[in-house]
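Asker: Spelled out, the chains give:
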Amino acid sequence: QQKVQQSPESLIVPEGGMASLNCTFSDRNSQYFWWYRQHSGEGPKALMSIFSNGDKKEGRFTAHLNKASLYVSLHIKDSQPSDSALYFCAVSMGTGGYKVVFGSGTRLLVSP
Amino acid sequence: GGIITQTPKFLIGQEGQKLTLKCQQNFNHDTMYWYRQDSGKGLRLIYYSITENDLQKGDLSEGYDASREKKSSFSLTVTSAQKNEMAVFLCASSIGDSDYTFGSGTRLLVI
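From first to last, the protein sequence lines stand for chains A and B.
Position 26 of the first sequence, counting from 1, maps to 34 under our numbering, and the rest follow consecutively.
Position 12 of the second sequence, counting from 1, maps to 1012 under our numbering, and the rest follow consecutively.
Check the hints yourself; a few may be wrong.
Pairs of lysine-lysine residues, derived as PhoX-like cross-links and limited to a Cα-Cα distance of at most 20 Å, are as follows [stated by the list, open to error]: (1) 75(A) - 85(A); (2) 1057(B) - 11(A); (3) 53(A) - 1057(B); (4) 64(A) - 85(A); (5) 1041(B) - 11(A); (6) 1057(B) - 107(A).
Worth flagging that the hints you see were computed from the coordinates, not collected in a lab.
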């Protein structure tokens, strides 16, 4: 059964700093990967997806995927207080089983 | 734009009570999901449904029933609430394995 693990559990970065969130998965047949962000009192929202090995940049956010190393990461440049949230890594086999497995989350706090 | 609405936002129940949570979406998404969120444990899948009247069990289905009578709605029943249970139940919808759209959750407390 797919295991998705995130580290660290929590992270504090100063405003303007770089936040790095890590995620490992166990199944080598995993195909699709997402990062979701959840602000307090809200449901998670999809932040970005990555399907191919390498880096994908969207504004201040860069996702990195290395399927051979079973690893995906998210880097947030120039962190803002509004980035403070719970971040989930989500992994799918893409087999049409409609089951995306979520990690347990990294809580990011950006201190002003 | 579409919206996914969960009701109620807060639910206080008593031990042993049967409790029903509702979810409506107007994205015309085929697939809908119920997840349970506990602190430190991420999101765990309870039930999902790939079309009207379809139900598939997730990893945490014991103690729950679900119903998908219309494409736009998916309800979840806690069959017997456990004392001191506290969790957030999140509904989501998607087209296949695409991005999930989540509701804002129902917060359950059992006294």
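Asker: Each of the hints needs a verdict: does it hold here or not?
Answerer: Evaluation of the provided hints:
1. 75(A) - 85(A): violated (23 Å)
2. 1057(B) - 11(A): Measuring from Cα to Cα gives roughly 18 Å; hence the hint holds.
3. 53(A) - 1057(B): Given pair residue 53(A), residue 1057(B) is violated - Cα atoms ~24 Å apart, limit 20 Å.
4. 64(A) - 85(A): With Cα atoms ~13 Å apart, residue 64(A) and residue 85(A) stay inside 20 Å; holds.
5. 1041(B) - 11(A): holds (12 Å)
6. 1057(B) - 107(A): holds (11 Å)
The structure is inconsistent with the numbered hints 1 and 3, although it conforms to all the rest.
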